[in-house]
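**Student:** Working from the sequences, and respecting the hints, build out all of it.
If you count the sequence shown from 1, you need to add 237 to reach this note's numbering.
Hints in this document: simulated from the structure, not taken from any laboratory.
A couple of the hints might just be wrong.
Said to hold, decoys possible - Pair ranges (Cβ atoms, derived):
#1 LYS629 with ASN670: 14 to 20 Å
#2 ARG539 with ARG403: 24 to 30 Å
#3 PRO441 with ASP256: 30 to 36 Å
#4 SER500 with ARG550: 36 to 42 Å
#5 ARG552 with THR261: 32 to 38 Å
#6 GLU457 with ARG539: 38 to 44 Å
#7 ARG574 with PRO533: 33 to 39 Å
#8 GLU708 with LYS590: 29 to 35 Å
#9 ARG550 with ALA389: 48 to 54 Å
Note that the Cβ used here is the ideal one computed from N, Cα and C, for glycine as well.
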Amino acid sequence: MVDVADKLACFRAITGLEDSDLCTEILQAHNWDLELAISSFTSNHSDNHPFSSSYTATDTTTTAVDPSNATIHLSDSTSIVPAGAPPPGLAWKIVTLPISVISGSLGLISGAVGFGLWAAGGVLSYSLGFIGLGSNSGRGGDSSAQLVTVSAASREAIEFVAQFERDYGSGSSTRPNFVSEGFMDALTRSRNTFKLLFVYLHSPDHLDTPAFCERTLCSEVLSAFVNENFVAWGGSIRGSEGFKMSNSLKASRFPFCAVVMSSTNQRIVLLQHVEGPKSPEEMLVILQRVLEQSAPVLVTARLEAEERTTNMRLREEQDAAYTAALEADQARERQQREEQERLEREAAEAERKHKEEEEARDRAASEAAEKEAALARMRQEKALSLGAEPEKGPDVTQVLVRFPTGERKERRFHSAAAIQSLYDYVDSLGSLNVENYSLVSNFPRVVYGTDKVSLSLKEAGLHPQASLFVELN
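**Tutor:** Take a look at the structure:
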């Protein structure tokens, strides 16, 4: 989108106003709508039509239009001097500014109301047609109509192209391919395609116009050359866009053709203008010379654009590579961080397990020590409960105990002592690491289990002597 400075420069270049403050006020009054502001200004100054004043100039003059100061610089000593009355002064422009503002505002309001009614009518017509009540609801009618919104400049360009085809293009395919868009859009198109803009201002009332269009513009050689090397734009001076361009390009004679270009520093450069009827050969020589003179500029612009595109693509590739490398680094860092976290978790888990194992060993050792201490106390208590070993005598029984390890122990007991005393004696020795065992005699085999521990040795038949062995259960 054209910014404020560009709109101000274009407005000054097209209208010829040199007062920046006045131009700014006019544009602000029209909400910075460039086309509406220019249309409103030119409609209030229609008395400056090129037919109402006479100009003296050469047929072909190269000029440059600088929108920064709205002046025209000539490339030779020839100057364009208006022979009519001088343009209105600053005071008159300031006095008529409210009228222009009011008229422009009324135009905006009426245009908005008209567009609303037109859109509402279109919607109503579409709705009626959809239910079968519209005027086009028959078999051959269209089911709907597409709503297309175009600017006033584009509409004028479309009408000019259609009228030019009807007047001079019937039965012939050789004609300039005029673009169906406004002048500024055509200028942008020429800049983007690195071509010059060929401008034709059509004056339907001029006597030389029909012959020039039929014999020169529609000649096969010239139209092919223009279509190949230029972007062609045409406008009728009866239209607002064509009339504005005739004022901007200082058209004094018709037919009028020009070659313009848009430079990189926001300047509209008028490279060549041709006034009056010319033959196809003369036009071709002029256009070839302009094209040759402008070729270095166009080539430079194309190379600069390609360089900018290449640099932009290179920057995009570099940015993409940097982004990919950054993402790879971030992924690698994330993977390293996750690996570090995993190792820390595993180390913590191993430490926890090791600590639990140590605690379990300590607990087992403590329990074993406690058990050993309990067994020691138990053996000591049982040894004390046995009392002293009696001397040999008729009431003393000699008992021999053999252990599974082959160890043999022998002791004397009173014959009235219970078999439990034998178990207490075996326990007090500490030779067994088990608690569940039985004392058994071989011949005959008798197991002195829990059911006989209360019998005395004499009652159990173990007096005066007995040989028992320990049987682990």
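**Student:** All hints are to be evaluated individually against the structure, with a verdict given for each.
**Tutor:** The hints, checked one at a time:
1. LYS629 with ASN670: 14 to 20 Å: Violated - the Cβ-Cβ distance for LYS629 and ASN670, about 33 Å, lies outside 14 to 20 Å.
2. ARG539 with ARG403: 24 to 30 Å: About 37 Å separates the Cβ atoms of ARG539 and ARG403, which means 24 to 30 Å is violated.
3. PRO441 with ASP256: 30 to 36 Å: holds, 34 Å
4. SER500 with ARG550: 36 to 42 Å: violated, 25 Å
5. ARG552 with THR261: 32 to 38 Å: holds, 37 Å
6. GLU457 with ARG539: 38 to 44 Å: violated, 28 Å
7. ARG574 with PRO533: 33 to 39 Å: Once the Cβ atoms are compared, 59 Å apart, the range 33 to 39 Å for PRO533 and ARG574 is violated.
8. GLU708 with LYS590: 29 to 35 Å: violated, 42 Å
9. ARG550 with ALA389: 48 to 54 Å: Given range 48 to 54 Å: violated, Cβ gap about 38 Å.
Checked against the numbered hints above, the structure violates hints 1, 2, 4, 6, 7, 8, 9; every other hint is satisfied.
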